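Chains S, F and X, in that order, are what the protein sequence lines are. Take the first sequence: its position 79, counting from 1, is numbered 79 in the working numbering, and each next residue is one higher. Take the second sequence: its position 150, counting from 1, is numbered 150 in the working numbering, and each next residue is one higher. Take the third sequence: its position 280, counting from 1, is numbered 280 in the working numbering, and each next residue is one higher.
FYI, nobody ran anything at the bench for these hints, they're computed from the structure. Hints are not guaranteed to be accurate.
Unchecked claim - Sample of chain F residues at the chain X side, in silico, Cβ under 10 Å:
hint: 1; residue: 57
hint: 2; residue: 60
hint: 3; residue: 61
hint: 4; residue: 104
hint: 5; residue: 105
hint: 6; residue: 164
hint: 7; residue: 170
hint: 8; residue: 171
hint: 9; residue: 175
hint: 10; residue: 176
hint: 11; residue: 185
hint: 12; residue: 186
hint: 13; residue: 192
hint: 14; residue: 231
hint: 15; residue: 235
hint: 16; residue: 237
Unchecked claim - Just the calculated beta-carbon pair ranges, DEER-fashion:
hint: 17; chain 1: F; residue 1: 168; chain 2: X; residue 2: 37; range: 40 to 50 Å
hint: 18; chain 1: F; residue 1: 182; chain 2: S; residue 2: 42; range: 21 to 31 Å
hint: 19; chain 1: S; residue 1: 17; chain 2: F; residue 2: 165; range: 48 to 58 Å
hint: 20; chain 1: X; residue 1: 193; chain 2: F; residue 2: 7; range: 55 to 65 Å
Bear in mind that the values here come from a model prediction, so they are computed numbers and not experimental data. Note that CB positions come from ideal geometry on N, CA and C, so glycine has one too.
Read off the chains here:
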Amino acid sequence: MTQKAWIPYVLVAPAVIFLGVLFILPLVQTLAMSVSDENGLSLANYTRMLGDLNFADALRNTFLLTLVAVPAQIVLALVMATMIAKIGRGRDLVLWVWVIPLAISDLAAGLAWLSILQSNGYLNSALHGLGLLDGPTPWLTQETPLALFVGIALAEIWRATAIVLVILVAGMQLIPKEYAEAAEVFGASPWQRFTRVTLPLLKPSIQSALILRTVLAFEVFAVVYALGGRNFPVLVGEAYVWQGENQNTGVAAAYAALIMLISMIATAVYIRVLRTPREQMA
Amino acid sequence: MNPAMSGPRRWLFWAGVAILILWVLLPIWLVAMGAFGGRPAVFQWPKSLLPGSLSLSHMAAFMNVEGVANAFLNSLIAAAVTVVLSVALGAPAGYALARYAFRGADAFKLLVLLTRAFPLAILALPLAVAFIRVGLYDSPFGVALMHTVLALPFAVLVTQSLFMGIPRELEEAAWVFGCSPIQAFFKVVMPLAVPGLTATAIFAFVISWNEVFAASVLTVRERTLTAYLLGVLSESPLHTRFAGGLVLILPSVLFVFAVRKWLFTVWGISGK
Amino acid sequence: MADIQIDRVAKYFGQARALAELSLNVADGEFVALLGPSGCGKTTLLRIVAGLETASGGAIRIGGRDVGQLPPRARGIAMVFQNYAVFPHLNVADNIGFGLKMQGKPADEIKRQVGRAAEMLRIGHLLDRWPAKMSGGQRQRVAVARALAVQPAVLLMDEPLSNLDALLRLEMRADLKAILREAGTTTLYVTHDQTEAMGLADRIAVMHGGVIEQIGRPADIYARPATRFVGGFMGSPPMNFLRTTAIDGRVRIGAADLPCPRASGDVEIGLRAEDATPVPDGEGLPFDVRVVEPMGAHLLLTGAVEGRPARAIAPPDAPIVAGARIGLRPDPARLSWFDPDTGHRLGAA
Numbered sequence: 001m002t003q004k005a006w007i008p009y010v011l012v013a014p015a016v017i018f019l020g021v022l023f024i025l026p027l028v029q030t031l032a033m034s035v036s037d038e039n040g041l042s043l044a045n046y047t048r049m050l051g052d053l054n055f056a057d058a059l060r061n062t063f064l065l066t067l068v069a070v071p072a073q074i075v076l077a078l079v080m081a082t083m084i085a086k087i088g089r090g091r092d093l094v095l096w097v098w099v100i101p102l103a104i105s106d107l108a109a110g111l112a113w114l115s116i117l118q119s120n121g122y123l124n125s126a127l128h129g130l131g132l133l134d135g136p137t138p139w140l141t142q143e144t145p146l147a148l149f150v151g152i153a154l155a156e157i158w159r160a161t162a163i164v165l166v167i168l169v170a171g172m173q174l175i176p177k178e179y180a181e182a183a184e185v186f187g188a189s190p191w192q193r194f195t196r197v198t199l200p201l202l203k204p205s206i207q208s209a210l211i212l213r214t215v216l217a218f219e220v221f222a223v224v225y226a227l228g229g230r231n232f233p234v235l236v237g238e239a240y241v242w243q244g245e246n247q248n249t250g251v252a253a254a255y256a257a258l259i260m261l262i263s264m265i266a267t268a269v270y271i272r273v274l275r276t277p278r279e280q281m282a
Numbered sequence: 001m002n003p004a005m006s007g008p009r010r011w012l013f014w015a016g017v018a019i020l021i022l023w024v025l026l027p028i029w030l031v032a033m034g035a036f037g038g039r040p041a042v043f044q045w046p047k048s049l050l051p052g053s054l055s056l057s058h059m060a061a062f063m064n065v066e067g068v069a070n071a072f073l074n075s076l077i078a079a080a081v082t083v084v085l086s087v088a089l090g091a092p093a094g095y096a097l098a099r100y101a102f103r104g105a106d107a108f109k110l111l112v113l114l115t116r117a118f119p120l121a122i123l124a125l126p127l128a129v130a131f132i133r134v135g136l137y138d139s140p141f142g143v144a145l146m147h148t149v150l151a152l153p154f155a156v157l158v159t160q161s162l163f164m165g166i167p168r169e170l171e172e173a174a175w176v177f178g179c180s181p182i183q184a185f186f187k188v189v190m191p192l193a194v195p196g197l198t199a200t201a202i203f204a205f206v207i208s209w210n211e212v213f214a215a216s217v218l219t220v221r222e223r224t225l226t227a228y229l230l231g232v233l234s235e236s237p238l239h240t241r242f243a244g245g246l247v248l249i250l251p252s253v254l255f256v257f258a259v260r261k262w263l264f265t266v267w268g269i270s271g272k
Numbered sequence: 001m002a003d004i005q006i007d008r009v010a011k012y013f014g015q016a017r018a019l020a021e022l023s024l025n026v027a028d029g030e031f032v033a034l035l036g037p038s039g040c041g042k043t044t045l046l047r048i049v050a051g052l053e054t055a056s057g058g059a060i061r062i063g064g065r066d067v068g069q070l071p072p073r074a075r076g077i078a079m080v081f082q083n084y085a086v087f088p089h090l091n092v093a094d095n096i097g098f099g100l101k102m103q104g105k106p107a108d109e110i111k112r113q114v115g116r117a118a119e120m121l122r123i124g125h126l127l128d129r130w131p132a133k134m135s136g137g138q139r140q141r142v143a144v145a146r147a148l149a150v151q152p153a154v155l156l157m158d159e160p161l162s163n164l165d166a167l168l169r170l171e172m173r174a175d176l177k178a179i180l181r182e183a184g185t186t187t188l189y190v191t192h193d194q195t196e197a198m199g200l201a202d203r204i205a206v207m208h209g210g211v212i213e214q215i216g217r218p219a220d221i222y223a224r225p226a227t228r229f230v231g232g233f234m235g236s237p238p239m240n241f242l243r244t245t246a247i248d249g250r251v252r253i254g255a256a257d258l259p260c261p262r263a264s265g266d267v268e269i270g271l272r273a274e275d276a277t278p279v280p281d282g283e284g285l286p287f288d289v290r291v292v293e294p295m296g297a298h299l300l301l302t303g304a305v306e307g308r309p310a311r312a313i314a315p316p317d318a319p320i321v322a323g324a325r326i327g328l329r330p331d332p333a334r335l336s337w338f339d340p341d342t343g344h345r346l347g348a349a
């Protein structure tokens with residue numbers, strides 16, 4: 001058919017305009033808002049943010065949470081992906097169950113773990129039943145910061161491993177099984193096959209998963225709120241408070257800009273460190 | 001391929017699988033118990049896996065709490081609008097990327113992918129300010145606009161691979177045998193694209209239904225369910241929170257279950 | 001029925017030239033094959049005639065009407081695609097009747113025509129089936145039935161048999177020839193398989209690098225190729241090419257002494273294996289046998305004529321072994337002579 005050259009542009013235009021107005025524009029605006037106050041350009045917002053009581057805690061908490069949860073998710077997802085590869089019948093059903101947390105809102109995930117971790121929750125009931133506890137014991141309070149952290153980390157791992165699992169299973173499916181079979185023929189043990197054949201070929205998938213999960217981990221919010229309220233400050237939570245309670249969009253924007261910066265740096269680091277030279281691509 | 005595993009290793013393997021299945025399902029079960037058990041179950045100590053007084057009346061009571069029904073409705077509206085917008089904007093773009101090679105295709109794809117690299121919900125902050133001016137603040141429609149930004153990349157990329165999977169030859173055959181390009185699209189491409197488009201729509205729905213931050217920032221009185229629950233987190237009684245959690249979980253899980261085969265294919269994880 | 005006039009059609013993709021000012025006429029009711037290796041432009045030409053691509057220059061006339069500006073549906077054509085393009089969401093009957101339905105024909109007439117076309121392709125019993133549940137060969141028949149059902153002025157076929165296995169291909173070829181002969185439809189058929197073209201076509205247009213090297217009846221193209229390329233493309237085993245020098249209008253290789261259309265200078269002899277008779281060593285062209293393959297109906301000999309690679313055939317029970325030296329006596333009337341530089345045929349056509 002005589003292809004009128006303008007057709008694809010017309011089809012793509014609405015999406016482009018939409019993203020331009022509702023993504024690019026706000027992105028620029030956030031940056032602008034963060035560096036301005038009533039008098040114009042200024043770093044006042046950043047100063048306030050850095051000086052805020054909760055800032056150091058929020059920064060530290062978010063980092064710690066990411067540092068603990070993301071590797072745990074990767075390892076757990078690797079284990080699960082390897083298991084999936086070995087299941088014959090019922091594989092789809094098991095995979096479907098393991099992928100369920102993807103469909104669940106982070107708020108709902110937080111609430112689910114709340115029912116487990118609260119003082120008279122299911123965890124304590126189980127521990128009491130085993131004779132390890134006398135009565136209801138609080139885990140999620142300000143007085144038990146370590147337990148609170150562990151609880152939040154658990155909830156996050158529970159919720160977000162599914163995303164990594166999907167990425168890794170997809171990556172594994174692309175690896176022709178002939179590679180592992182060849183390694184086996186040449187004498188490699190299962191562990192060797194995993195570390196020397198599967199893992200290296202999974203590097204691109206792991207890289208994608210790391211980038212995605214890390215960027216999302218720095219945005220952690222609803223899970224923390226559901227479990228700890230304001231006892232566990234995190235970056236997005238602080239942004240939310242500055243916007244809502246304190247009615248100060250400028251400082252909130254400063255937090256937003258900071259989160260963006262961290263995400264970009266992390267992404268750049270991952271791309272650098274996990275670079276697969278072209279020649280080695282499958 | 002399932003290499004035969006020796007006896008004890010086999011048991012260990014399947015035990016591992018079972019534990020992980022339990023790990024995933026238990027919290028959901030427990031929140032459901034919390035929701036159906038109501039106030040009495042929440043204060044029961046110690047808890048059992050199956051609390052004594054289960055009843056739907058607690059869920060009904062939840063729906064009657066002031067603001068909940070309205071929030072539920074708002075979430076529905078926001079999600080529905082998100083679906084319509086993301087499919088209406090995303091499908092044509094996906095079709096263009098699939099069928100045409102045009103300058104700017106790569107730039108467009110980069111833009112789309114870029115939206116996933118940034119903390120998206122953060123963008124709700126300046127939009128809150130903008131929406132106030134335009135009158136979209138505190139409305140499910142405004143929330144839907146933000147959610148569409150979240151769902152659009154997915155819609156574009158999925159519809160692109162969807163249309164690429166429908167051979168161009170089929171459209172050409174339709175052209176030869178009497179169809180104009182538009183007729184060919186609706187008579188031949190659409191019928192084959194419906195399953196994939198449905199799955200895309202459902203995923204857009206779930207993304208909107210689950211989103212918390214932007215919905216909370218962009219609404220005050222006309223809250224969506226997630227925004228409402230977040231707002232009353234510290235004040236509301238536990239059983240209300242659990243009921244809310246369940247209402248958040250159920251539709252998403254059910255919908256995604258309905259289209260799981262297609263979703264698996266799109267993600268590249270369907271069985272060999 | 002209509003004729004097709006391809007008038008100086010050219011096609012460029014950016015800077016790359018796909019077709020170079022081709023002209024070709026297909027008479028009303030004639031079957032013409034576009035034959036050539038991949039990349040020669042044959043499919044591009046077919047798609048231009050169909051209206052699925054636009055020409056960069058030149059005109060296409062169907063039944064005397066210039067169709068260059070018309071979309072495919074207005075050209076009076078039907079087409080069979082390489083991968084059949086049978087609609088998966090319609091059953092066989094609806095597929096075959098698709099073109100008729102788009103023409104707005106009444107339902108009972110559609111039913112009648114669909115039945116007729118299905119019978120021609122012997123798939124009348126499959127009308128209720130769904131394409132996904134059918135074999136490739138069956139789907140191909142559906143595609144052909146769909147094209148014939150609309151009783152087109154011109155039928156275009158793009159390598160319709162190439163995705164079938166060898167035995168099925170042979171069967172379909174015969175069926176196709178019989179059906180089209182009876183229907184008398186003007187047909188333009190693209191293929192890379194020279195046996196297919198030889199078997200089906202009234203005339204063959206051999207294409208190479210966007211150019212038609214020769215148009216003619218199969219027997220003529222086979223016996224008198226116009227260029228070295230055509231000679232080497234047609235026939236199996238491929239034509240042997242022996243480069244040598246003419247002196248005083250004759251060439252001598254071994255004991256063979258042949259009259260040559262060129263008085264003096266370099267020439268290239270085109271000799272088909274079946275046009276040379278094996279003779280004892282010392283007569284005819286000297287042939288060193290390297291490999292003997294028993295083909296059942298004959299022996300296929302691979303070897304060299306004074307260093308030039310060549311193939312010959314011998315009766316199945318001939319006592320020839322690898323390493324032997326035999327003679328080959330060529331039939332002078334069936335030799336082709338080519339200019340080594342241009343590849344063009346020398347001498348009287």
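Going down the list of hints, with the structure as the test:
{"no.": "1", "hint": "57", "in the structure": "violated (47 Å)"}
{"no.": "2", "hint": "60", "in the structure": "violated (44 Å)"}
{"no.": "3", "hint": "61", "in the structure": "violated (48 Å)"}
{"no.": "4", "hint": "104", "in the structure": "violated (17 Å)"}
{"no.": "5", "hint": "105", "in the structure": "violated (17 Å)"}
{"no.": "6", "hint": "164", "in the structure": "violated (15 Å)"}
{"no.": "7", "hint": "170", "in the structure": "holds (5 Å)"}
{"no.": "8", "hint": "171", "in the structure": "holds (9 Å)"}
{"no.": "9", "hint": "175", "in the structure": "holds (5 Å)"}
{"no.": "10", "hint": "176", "in the structure": "holds (5 Å)"}
{"no.": "11", "hint": "185", "in the structure": "violated (13 Å)"}
{"no.": "12", "hint": "186", "in the structure": "violated (12 Å)"}
{"no.": "13", "hint": "192", "in the structure": "holds (6 Å)"}
{"no.": "14", "hint": "231", "in the structure": "violated (48 Å)"}
{"no.": "15", "hint": "235", "in the structure": "violated (54 Å)"}
{"no.": "16", "hint": "237", "in the structure": "violated (53 Å)"}
{"no.": "17", "hint": "F:168 x X:37: 40 to 50 Å", "in the structure": "violated (23 Å)"}
{"no.": "18", "hint": "F:182 x S:42: 21 to 31 Å", "in the structure": "violated (55 Å)"}
{"no.": "19", "hint": "S:17 x F:165: 48 to 58 Å", "in the structure": "violated (27 Å)"}
{"no.": "20", "hint": "X:193 x F:7: 55 to 65 Å", "in the structure": "holds (57 Å)"}
Checked against the numbered hints given earlier, this structure breaks hints 1, 2, 3, 4, 5, 6, 11, 12, 14, 15, 16, 17, 18, 19; the rest are met.
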